[in-house]
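Enquirer: Top line first, the protein sequences correspond to chains A and B.
16 is the number of the first residue of the first sequence in our numbering; add one for each residue after it.
13 is the number of the first residue of the second sequence in our numbering; add one for each residue after it.
In short, the hints are calculated from the structure, not lab data.
Take the hints with a grain of salt, since some may be wrong.
Within a straight-line C-alpha distance of at most 20 Å, the following computed EDC-like cross-link-like pairs (lysine to aspartate or glutamate) qualify [what the hints assert, rightly or not]:
hint	chain 1	residue 1	chain 2	residue 2
1	B	K138	A	E99
2	B	K56	A	D193
3	A	K266	B	D72
4	A	K98	B	E55
5	B	K131	A	D193
6	B	K61	A	D39
7	A	K132	B	D101
8	B	K152	B	D129
9	A	K98	B	D101
10	A	K51	B	D94
11	A	K40	B	D87
12	B	K56	A	D42
13	B	K71	A	E49
14	B	K83	A	D83
15	B	K131	A	D32
16	B	K278	A	E99
17	B	K106	B	E55
18	B	K93	A	D53
19	B	K56	A	D101
20	B	K118	B	E16
21	A	K51	B	E55
22	B	K135	A	D193
23	A	K132	B	D94
24	B	K106	B	E210
25	B	K56	A	E99
26	B	K71	A	D83
27	A	K266	B	E146
28	B	K138	A	D194
29	A	K98	B	D192
30	B	K270	A	D193
31	A	K71	B	E55
32	B	K124	A	D91
33	B	K97	A	D42
34	B	K384	B	D236
35	B	K427	A	E49
36	B	K83	A	D101
37	B	K93	A	D32
Below, a sample of chain A positions facing chain B; criterion: calculated Cβ distance under 10 Å [unchecked claim]:
hint	residue
38	Y76
39	E88
40	K403
Keep in mind that this is a model prediction, so the values were computed, not measured.
Glycine is no exception: its CB is placed at the ideal position from the N, C-alpha and C atoms.
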Amino acid sequence: MNIDKLFKRASEKGITDIQVFLSDKNDLNIDIFEGKVDSYVIADTSSIIIKGIYNKKMGTYVTEVLEDDIIDEIIDTIIASAKEIDSLDDAIIYEGDKEYKELTDIYNDNLFNLDVKKKIETLQKMDKYLHEYDKRVSVVETMYSENTNNVILKNTKGLDLKNKANSAYMGGQVIVKDDKDQRVGFDVLISNDFSDFDIEKISKEIVDDALASLGAKPVPSDSYEIVFSNGALATLFSAFQNIFSADAVQKNLSLLKGKLDKVVGSDLVTIVDDPFMKKSSRSRSFDDEGVATYYKELIKDGTLKTYLHNLVTAKKDGVKSTGNGFGGNVSAVNLKMESGKSSLDEMIQSMDEGVYITDVQGAHAGANAVSGEFSLQAMGYYVKDGKKARPVALITVAGNFLEMLKDITMVGNDGKMSYYGVTTPSIKVKSMPVSGS
Amino acid sequence: MLLEQNLIEKILDTALETGADFSEVFIERRNASTLQSVSGRLEKVNNSKSFGVGIRVAKDTQSVYAYTNSKNPDDLIQLTKDLSKSFNDDKLTKRQPLMELEVGKKHQVKIKPTDVDLKDKVKLMKRSYKVASEYDEVIKQVMVYLIDNQQEVLIANSEGRFVTETRVRVRLMTQAVAADKGMMQTGGSGDGSGKGYEFFEEMDIEGHAKEAAKVAKTMLYADDCPSGVMPVIINNAFGGVIFHEACGHSLEATSVAKNASVFSGKKGTKIANEIVTAIDDGTIENAWGSANYDDEGYPQRRRVLIKDGILNSYMVDKINARRMNEEPTGSSRRQNYKFSPTSRMSNTFIDNGDSTLEEIIANTKYGLFAKKMGGGSVNPGNGDFNFSVMEGYMVRDGKIAEPVKGASLVGNGAKILHKIDMIANNLKRQRGMCGSVSGSIPADVGQPSVRVQAITVGGKKKGAK
Numbered sequence: 016m017n018i019d020k021l022f023k024r025a026s027e028k029g030i031t032d033i034q035v036f037l038s039d040k041n042d043l044n045i046d047i048f049e050g051k052v053d054s055y056v057i058a059d060t061s062s063i064i065i066k067g068i069y070n071k072k073m074g075t076y077v078t079e080v081l082e083d084d085i086i087d088e089i090i091d092t093i094i095a096s097a098k099e100i101d102s103l104d105d106a107i108i109y110e111g112d113k114e115y116k117e118l119t120d121i122y123n124d125n126l127f128n129l130d131v132k133k134k135i136e137t138l139q140k141m142d143k144y145l146h147e148y149d150k151r152v153s154v155v156e157t158m159y160s161e162n163t164n165n166v167i168l169k170n171t172k173g174l175d176l177k178n179k180a181n182s183a184y185m186g187g188q189v190i191v192k193d194d195k196d197q198r199v200g201f202d203v204l205i206s207n208d209f210s211d212f213d214i215e216k217i218s219k220e221i222v223d224d225a226l227a228s229l230g231a232k233p234v235p236s237d238s239y240e241i242v243f244s245n246g247a248l249a250t251l252f253s254a255f256q257n258i259f260s261a262d263a264v265q266k267n268l269s270l271l272k273g274k275l276d277k278v279v280g281s282d283l284v285t286i287v288d289d290p291f292m293k294k295s296s297r298s299r300s301f302d303d304e305g306v307a308t309y310y311k312e313l314i315k316d317g318t319l320k321t322y323l324h325n326l327v328t329a330k331k332d333g334v335k336s337t338g339n340g341f342g343g344n345v346s347a348v349n350l351k352m353e354s355g356k357s358s359l360d361e362m363i364q365s366m367d368e369g370v371y372i373t374d375v376q377g378a379h380a381g382a383n384a385v386s387g388e389f390s391l392q393a394m395g396y397y398v399k400d401g402k403k404a405r406p407v408a409l410i411t412v413a414g415n416f417l418e419m420l421k422d423i424t425m426v427g428n429d430g431k432m433s434y435y436g437v438t439t440p441s442i443k444v445k446s447m448p449v450s451g452s
Numbered sequence: 013m014l015l016e017q018n019l020i021e022k023i024l025d026t027a028l029e030t031g032a033d034f035s036e037v038f039i040e041r042r043n044a045s046t047l048q049s050v051s052g053r054l055e056k057v058n059n060s061k062s063f064g065v066g067i068r069v070a071k072d073t074q075s076v077y078a079y080t081n082s083k084n085p086d087d088l089i090q091l092t093k094d095l096s097k098s099f100n101d102d103k104l105t106k107r108q109p110l111m112e113l114e115v116g117k118k119h120q121v122k123i124k125p126t127d128v129d130l131k132d133k134v135k136l137m138k139r140s141y142k143v144a145s146e147y148d149e150v151i152k153q154v155m156v157y158l159i160d161n162q163q164e165v166l167i168a169n170s171e172g173r174f175v176t177e178t179r180v181r182v183r184l185m186t187q188a189v190a191a192d193k194g195m196m197q198t199g200g201s202g203d204g205s206g207k208g209y210e211f212f213e214e215m216d217i218e219g220h221a222k223e224a225a226k227v228a229k230t231m232l233y234a235d236d237c238p239s240g241v242m243p244v245i246i247n248n249a250f251g252g253v254i255f256h257e258a259c260g261h262s263l264e265a266t267s268v269a270k271n272a273s274v275f276s277g278k279k280g281t282k283i284a285n286e287i288v289t290a291i292d293d294g295t296i297e298n299a300w301g302s303a304n305y306d307d308e309g310y311p312q313r314r315r316v317l318i319k320d321g322i323l324n325s326y327m328v329d330k331i332n333a334r335r336m337n338e339e340p341t342g343s344s345r346r347q348n349y350k351f352s353p354t355s356r357m358s359n360t361f362i363d364n365g366d367s368t369l370e371e372i373i374a375n376t377k378y379g380l381f382a383k384k385m386g387g388g389s390v391n392p393g394n395g396d397f398n399f400s401v402m403e404g405y406m407v408r409d410g411k412i413a414e415p416v417k418g419a420s421l422v423g424n425g426a427k428i429l430h431k432i433d434m435i436a437n438n439l440k441r442q443r444g445m446c447g448s449v450s451g452s453i454p455a456d457v458g459q460p461s462v463r464v465q466a467i468t469v470g471g472k473k474k475g476a477k
């Protein structure tokens, strides 16, 4: 689409300011099932998000149709929307910041250019390794996913910004079976550097975990000390990340309302948003509104330091945007809970009796981001006298997210970026109710 | 037409040049609108227009997929060539000529979303806001969402299939937040349809708004749910999410064909109590999960999945049909052109039984009445599932007692089907969005009220009777 023409037509029709956010994406997804290519997907897509201010209200239009002949339809729709919007929110198109950090390690040309054959071969090697690792491995699926995202932001206030990032994940899923039970093991590694994909190491972990969980049964319902693995915490954490949004706070939808500069977690808890995290395709030097991003502590040693803001929420609170205006809302770029000093083994060894949870499921439904309450299906191990005594499944662990942050007694040194894009270590928490047999 | 016929034919031909035995083109144009109001004020108006082409090429059970939103013939042919590089065989398959374009005639709509003025859409939302916000002083926040979309698809394949249809969906949802003494709870209710805006003439907008507020208030003062194993009465309508999650997903060829389902190889065997009959029906007139054709261009169908406790049919797509040596069942669906299609549910429900809800409650000495379910998920590998209860009550001595919050139900799909011991006669379906490998699609869940003898209830309160 001819952007100059769009800007010109918008101005002629009475739109005071307009902004476009162009995104070009390339994707590659490969699934190997039982040694054969089961799914192979390549994609090449473009879209534009257009925001325009008319009568001090903001209208939005998203299009994958990029021909110039829809320019008038876009502008007319934006104007019609702006006329109906009666929200008291300000409509702001940003003039820009002085400086934007240059991010050099979020795009890796070698990853994009590496021959697809090599990617498929690596997956097949992983498939073979998983199959041969143990005879109880019955079904194997390995997967690789790569995406490149090139974005351009331009507006009539003179902003013209670019960001290009790519990332990939490689992982596997196995079903292991013995004569009594069958269990699933799954994990992925995320990076934009192909040499980071240590397939033997991850394969071992996937199968070892799945085998160890064979014969898992519920524990009796009771309160137990809990250790969450880094992956389990990531799932839980991602379900509650919206509590940091100033938009949620202002709408009375966040537990953190009125808690700025107050203690909201154990002093072991430090949570940051790191928009410059290396090898993350989410990393960005500017948000979708053109505001420069920066590293910030949300919770420092247990004390809430800031909410996340976009232009509108910042103006309401009389502060500066934190550069977290994404997707028309507020969100973190790379949310991270800082690692602590304890090893996972030390945390498990410190429990006389407890449950080590390796996976929680159903966070999209069983976790209420508004009330903070969660009750989630979990699996892992029953721990007795500091040792994993037996595998556990079909239990639920319930609690309140903020209470849990306060009850953290140990933090692991094993921070890991999850599939959900949040980075978390494992943690140990004071007693929580577990429902089982 | 969404793309020139000769270009479609050229793509289908190019795809077969390296030895593939099947090629398919899926073209989609979509107009969508999402409106959000907060505290009665219209805050977001998101209009979107998408267009894209998905190309699928297969040989035996191996299939590859590409998508783009380019309309340019050179781009499309190049992408097809890149895709067909995955195959290398001298034995070539000849393409069947396309049949005459078949146009889907069922599920017609009267008022298209694109013909409705934004002002009139906003009026519908205000009606809902008014009732929910005035319900009680503890209601502090009300959000209303009005979503509509119109999807035009054209599907052509190398076996001559050539179909097109337009699918419309509309949905209005209200979420209420109740707060008091530092506690906060939410309640939601809404309805949707495969009709156009004429649906809102029949929808009880005020009733749903009131329901959302009522649930939020009830749950605000509810006690924590006790945990433990107990009988659970799962109410009708959205209660059907139990079957959807616990069993429906495991009956999809996606997991069955790969022996990754607990129901693999169980056709013709008893997998449920004999009082259970379950159906997946994509033909119900203008229903949320209905269509003329599935996303491979086969006519949608009614599938009896379980008949009197016996596994009768899986849901099967074209490629998995080859793996399973079965016929496709018209069950292949996808969110949009960005997804390769696979077997999915449409409108799925447990059929009516002989009891009444009153009888079921009267016959339950102690347990949980899950009046309104939230969402859930399942691990198809072993059938373990979980889902949350939005509105729950304890049942004591055959009567509904105090409300409880924070309950979740955990169990195993294969086992729970045998434990359904009472089924009421009040079948009702409800709208849902179902997420799986081929994306998020509209699907109805449904059931009459059912009782499960024993299921693990997760809650914050220590198990007590």
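Enquirer: Against this structure, judge whether each hint is valid.
Expert: Hints, verified against the model:
| no. | hint | verdict |
| --- | --- | --- |
| 1 | B/K138 with A/E99 | 12 Å, holds |
| 2 | B/K56 with A/D193 | 53 Å, violated |
| 3 | A/K266 with B/D72 | 54 Å, violated |
| 4 | A/K98 with B/E55 | 12 Å, holds |
| 5 | B/K131 with A/D193 | 62 Å, violated |
| 6 | B/K61 with A/D39 | 16 Å, holds |
| 7 | A/K132 with B/D101 | 18 Å, holds |
| 8 | B/K152 with B/D129 | 30 Å, violated |
| 9 | A/K98 with B/D101 | 60 Å, violated |
| 10 | A/K51 with B/D94 | 19 Å, holds |
| 11 | A/K40 with B/D87 | 15 Å, holds |
| 12 | B/K56 with A/D42 | 30 Å, violated |
| 13 | B/K71 with A/E49 | 16 Å, holds |
| 14 | B/K83 with A/D83 | 14 Å, holds |
| 15 | B/K131 with A/D32 | 24 Å, violated |
| 16 | B/K278 with A/E99 | 56 Å, violated |
| 17 | B/K106 with B/E55 | 55 Å, violated |
| 18 | B/K93 with A/D53 | 19 Å, holds |
| 19 | B/K56 with A/D101 | 10 Å, holds |
| 20 | B/K118 with B/E16 | 25 Å, violated |
| 21 | A/K51 with B/E55 | 49 Å, violated |
| 22 | B/K135 with A/D193 | 60 Å, violated |
| 23 | A/K132 with B/D94 | 13 Å, holds |
| 24 | B/K106 with B/E210 | 46 Å, violated |
| 25 | B/K56 with A/E99 | 10 Å, holds |
| 26 | B/K71 with A/D83 | 39 Å, violated |
| 27 | A/K266 with B/E146 | 18 Å, holds |
| 28 | B/K138 with A/D194 | 59 Å, violated |
| 29 | A/K98 with B/D192 | 36 Å, violated |
| 30 | B/K270 with A/D193 | 18 Å, holds |
| 31 | A/K71 with B/E55 | 13 Å, holds |
| 32 | B/K124 with A/D91 | 19 Å, holds |
| 33 | B/K97 with A/D42 | 17 Å, holds |
| 34 | B/K384 with B/D236 | 16 Å, holds |
| 35 | B/K427 with A/E49 | 28 Å, violated |
| 36 | B/K83 with A/D101 | 38 Å, violated |
| 37 | B/K93 with A/D32 | 43 Å, violated |
| 38 | Y76 | 5 Å, holds |
| 39 | E88 | 8 Å, holds |
| 40 | K403 | 20 Å, violated |
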